[in-house]
Amino acid sequence: DVKVTQSSRYLVKRTGEKVFLECVQDMDHENMFWYRQDPGLGLRLIYFSYDVKMKEKGDIPEGYSVSREKKERFSLILESASTNQTSMYLCASSFNGGVGELFFGEGSRLTVL
Amino acid sequence: GQQVMQIPQYQHVQEGEDFTTYCNSSTTLSNIQWYKQRPGGHPVFLIQLVKSGEVKKQKRLTFQFGEAKKNSSLHITATQTTDVGTYFCAGPNTGGFKTIFGAGTRLFVKA
Chain Y
1 DVKVTQSSRY LVKRTGEKVF LECVQDMDHE NMFWYRQDPG LGLRLIYFSY
51 DVKMKEKGDI PEGYSVSREK KERFSLILES ASTNQTSMYL CASSFNGGVG
101 ELFFGEGSRL TVL
Chain L
1 GQQVMQIPQY QHVQEGEDFT TYCNSSTTLS NIQWYKQRPG GHPVFLIQLV
51 KSGEVKKQKR LTFQFGEAKK NSSLHITATQ TTDVGTYFCA GPNTGGFKTI
101 FGAGTRLFVK A
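Line by line, the protein sequences give chains Y and L.
Be aware that the first sequence starts at 1, since it is given in the working numbering, and climbs by one per residue.
Be aware that the second sequence starts at 1, since it is given in the working numbering, and climbs by one per residue.
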């Protein structure tokens, strides 16, 4: 059974802290994505990666960075968390970029105080 | 930039009533996908439509892709409480590397 695993379901951090969100997929997918989900705004793409060590900005990359050192792992980094980054973060992977089915992780709900 | 718009934002129905959500893209899409997210869950892929005018059915769910490949709809016949959740449409950007989502339609079903 295909699986995308996010390291933390719930996190509470303080303003200014560095935050790491980890995502691992076991499907040997080339493409991985980080979205954030906010009520009324749907899913907005933060960053994506179509190969190891490759990364591309999505629609809302400000305040975020990513790392893809291994094919199966895609990390989202908040260098200095702010309250407006309180959100649900969803990691996804796919076999063929934006034209195929996305497999999502369970999500990480981050609260920044 | 490229946008995918979805209406309505919310829909309350009585169990047994029908439900439809509509999706419109600012650009022509090579395909459109639909996802369902149950309350507290994550989006799960339902279906992908590729051809102009395509219609696909999954039990009580009917998916349509417009002739111009810029709009799509999801229709649920005789809703059940198990249909509650948020339904998202999504399509690839022009380059095909990323998927752009609509804001979703949240369906509430009253028993």
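Hints in this document: simulated from the structure, not taken from any laboratory.
Source: prediction; values computed, not measured.
All C-beta atoms in this analysis are idealised placements derived from N, C-alpha and C, irrespective of residue type, glycine included.
Check before you lean on any hint, since a few could be wrong.
To give an idea of the chain L side of the interface with chain Y (calculated C-beta under 8 Å), a few residues [to be verified]: (1) Tyr22; (2) Gln33; (3) His75; (4) Ala78.
Derived Cβ-Cβ restraints for the label pairs, each shown as a range [stated by the list, open to error]: (5) L:Gly96 <-> Y:Met88: 43 to 53 Å; (6) L:Lys57 <-> Y:Lys3: 39 to 49 Å; (7) L:Gln14 <-> Y:Glu69: 30 to 40 Å; (8) Y:Thr15 <-> L:Lys59: 17 to 27 Å; (9) L:Pro8 <-> Y:Glu79: 34 to 44 Å; (10) L:Val50 <-> Y:Met27: 31 to 41 Å; (11) Y:Arg73 <-> L:Glu67: 40 to 50 Å; (12) Y:Pro39 <-> L:Lys59: 37 to 47 Å; (13) L:Glu17 <-> Y:Gly40: 34 to 44 Å; (14) Y:Glu62 <-> L:Gln9: 37 to 47 Å.
Distance restraint evaluation - Arg73 (chain Y), Glu67 (chain L), Cβ atoms, bounds 40 to 50 Å: With Cβ atoms ~42 Å apart, the hint holds.
Assessment of proposed distance window 34 to 44 Å (beta carbons of Glu17 (chain L), Gly40 (chain Y)): Given a distance of about 24 Å, which is not inside 34 to 44 Å, the answer is violated.
Cβ separation of Lys57 (chain L) and Lys3 (chain Y), checked against the hinted range 39 to 49 Å: 29 Å, violated
Consistency of beta-carbon spacing, Gln9 (chain L) to Glu62 (chain Y), with hint 37 to 47 Å: The hint (37 to 47 Å, Cβ to Cβ) is violated, given that Glu62 (chain Y) and Gln9 (chain L) are roughly 26 Å apart.
Cβ separation of Gln14 (chain L) and Glu69 (chain Y), checked against the hinted range 30 to 40 Å: Cβ of Gln14 (chain L) to Cβ of Glu69 (chain Y): about 52 Å, so the range 30 to 40 Å is violated.
Beta-carbon spacing of Gly96 (chain L) to Met88 (chain Y) - inside the hinted bounds 43 to 53 Å or not: Since the Cβ atoms of Gly96 (chain L) and Met88 (chain Y) sit about 26 Å apart, the hinted range of 43 to 53 Å is violated.
Interface hint for Ala78 (chain L), Cβ within 8 Å of any Cβ on chain Y: Status violated, d = 27 Å.
Verdict for Pro39 (chain Y), Lys59 (chain L) (Cβ pair) under range 37 to 47 Å: 29 Å, violated
Hinted contact Gln33 (chain L) with chain Y - closest CB pair below 8 Å: Holds: closest Cβ of chain Y sits about 7 Å from Gln33 (chain L), inside 8 Å.
Beta-carbon spacing of Val50 (chain L) to Met27 (chain Y) - inside the hinted bounds 31 to 41 Å or not: 22 Å, violated
Restraint outcome when His75 (chain L) is required to lie within 8 Å of chain Y by C-beta distance: 20 Å, violated
Satisfaction of the hinted span 17 to 27 Å by the C-beta atoms belonging to Thr15 (chain Y) and Lys59 (chain L): With Cβ atoms ~48 Å apart, the hint is violated.
Of the hints listed earlier, those the structure fails to meet are numbers 1, 3, 4, 5, 6, 7, 8, 10, 12, 13 and 14, in rising order.
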